[in-house]
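Going down the list, the protein sequences come from chains A and B.
Mapping the first sequence onto our numbering, position 239 (from 1) lands on 239, and the numbers just tick up by one.
Mapping the second sequence onto our numbering, position 109 (from 1) lands on 109, and the numbers just tick up by one.
Please note that the accuracy of each hint is not assured.
Stated by the list, open to error - As a list, the in silico DSBU-like pairs of lysine-lysine whose alpha-carbon atoms are at most 30 Å apart: (1) K358/A - K303/A; (2) K190/A - K51/B; (3) K175/B - K51/B; (4) K190/A - K172/B; (5) K193/A - K51/B; (6) K164/A - K269/A; (7) K190/A - K164/A.
Derived by calculation from the structure, the hints in this document are not laboratory data.
Because the structure is a prediction, the values reported are computed rather than measured.
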Amino acid sequence: MDKKSGTRGFVQGNEAIAEAAIMAGCRFFAGYPITPASEIAEILSVRLPEVDGTFIQMEDEIASMGAIIGSSLAGVKSMTATSGPGFSLMQENLGFACIAEVPCVVVNVMRGGPSTGLPTNPAQGDVMQARWGTHGDHPIIVLAVSTVQDCYEITIEAFNLSEKYRVPVILLSDECVSHTRETVWVPEPKSVKVIERITPSMPPEWYIPFADNARGVPPMAAFGDGYRYHVTGLIHDVRGFPTQRPDEIEAFMRRLFRKITLGLSEIQKTISFMMEDARVAVIAYGSVARSARRAVLQARERKVKAGLLQLITLFPFPRPAVEEVLRQCRTVLVPEMNMGQISREVKRVNQTKCTVKKYNRIDGQLITPEEILRELMKL
Amino acid sequence: MKRSNKRPSRKAKRSALKPSRYEIRLAGSGGQGIITAARILAEAISAGGEKYVCQTQSYGPEARGGASKAEIVVSYEPIDYPKAMNPDLLLAMNQTSCDSYFSDLKPYGLLIVDSTLVRQIPISRAVALPFTDIAREKIGKELVANMVALGAVVRLSQVVAPGIAEEVIAQKVPKAFVEMNIKAFNAGIEAASQVDIDALPASAFSSEEEEL
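Isolated chain A, as found in the complex (with noise of 0.2 Å):
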């Protein structure tokens, strides 16, 4: 975090990403209260009539993902904000806005899991969930915030990638993020660089909803706008009605997948400290990548040629900044309060020497710069 334009504050995280999605252009928020995410709704239901928005209380998760849906095909940028017991319930829904191609930014702030688990404390247990949690081969952008400066820039960047893929968003944040309150520059609204979705530019009787184009992302029409089209969650051919056809049906699913890919270096996003000249790295992501920064720095002191990447895109897996890494160091460590999800994924990658090491920390609480420094003086 340095200094940046806007003006100071000292803003909670739950906070900045209720503001930052205001700022993002998001006029609807419905939702459940949760533990640790409650402070999102919390505020937005303050915040949102004061921008002509609506914020609705939904009878339980279900309904809120189905509620931004809905207002979404409106023509409303739309959220929610739940922890993972919610999450588990919005899975159905999260597949219809996937294959309806509906933007929407849906907020996992993780707690220990399974089930109620641990309301009260960080866990980073979900990152698979929020890429495979709903059923069927689809594709999905997962980004992740660290600090409070974070929850700013990636909660508007999450609105941008859901408006110009038509694609869910989800962001995950944790416990500790969203509970920690610091010192932030708060942009400027009028500075935030905001993406709108392409509405049709035809009149509605030539307008076909899900043609395909150069870029894989048909212009989307608001319900109400006087273009009539048909919305499913069978798989559709480019009118928006059920099809059998195996070529619609390979042709709908081919550019679900080649619209993101198209995007990849676009959505992709990670942040190197100290890789430069790095032999051993850090992978980390969330609040654990602030304890990987402070190691870093401790490993400097001690002549360790250290450094991090901090992985703001979870999915679509930023495999060429990864890969990069990997060639370059001989060990690499990736701690998480999982038992080890992203560091799955970073094996996966791996087609060097390269050591990948894992750490896990699943008691509920963050991953100390300590525990990291001990690691990685070991490697």
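Here the structure of chain A is known, so what remains is to put chain B in place on it, guided by the hints.
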């Protein structure tokens, strides 16, 4: 060997990456207003200058009675690890939290306890003030013991000007209770003013232990 009050020990010098980092831990039981006090203190420090401030919290799922802990890290540089590793100041509002955390203190760190609830004080570099008694007797509500303690923390650490903390209290507390909370805060400052920190031993742990 006598050590000066603020000089870091050899051990601390070796392990502290950035000496500018100042860490505060407030601990007690759920319902005592630990997190509220920390939030006000952190916001006041952030508002009061150019420093970076990071406040984290840790609490149980119970509404009342579970362990509650809040930590504040203050630094002139952006803060990486957000939690306290070795606090410079520990406020313990009950015996359990005092017992659990006193050993994390830096050798020259300061322990402040609510002597109404903490009967056994494990180290001699400690300030014991009866925050809950003060709140009950002077303000008429035990509920504001957290603000009394906050006053004492502000006075003893001098980490922020009392005026700025008062302003933040006025913003954060529901209107009807602002006066009561500020009165409690000032009662804490007053109680702490009678304490002479320089008269305390320079190190929380005996010098023999420290040399080890």
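Going through the hints against the structure:
no.: 1; hint: K358/A - K303/A; verdict: holds (22 Å)
no.: 2; hint: K190/A - K51/B; verdict: holds (26 Å)
no.: 3; hint: K175/B - K51/B; verdict: holds (29 Å)
no.: 4; hint: K190/A - K172/B; verdict: holds (28 Å)
no.: 5; hint: K193/A - K51/B; verdict: holds (29 Å)
no.: 6; hint: K164/A - K269/A; verdict: holds (16 Å)
no.: 7; hint: K190/A - K164/A; verdict: holds (20 Å)
In this structure, every one of the numbered hints holds.
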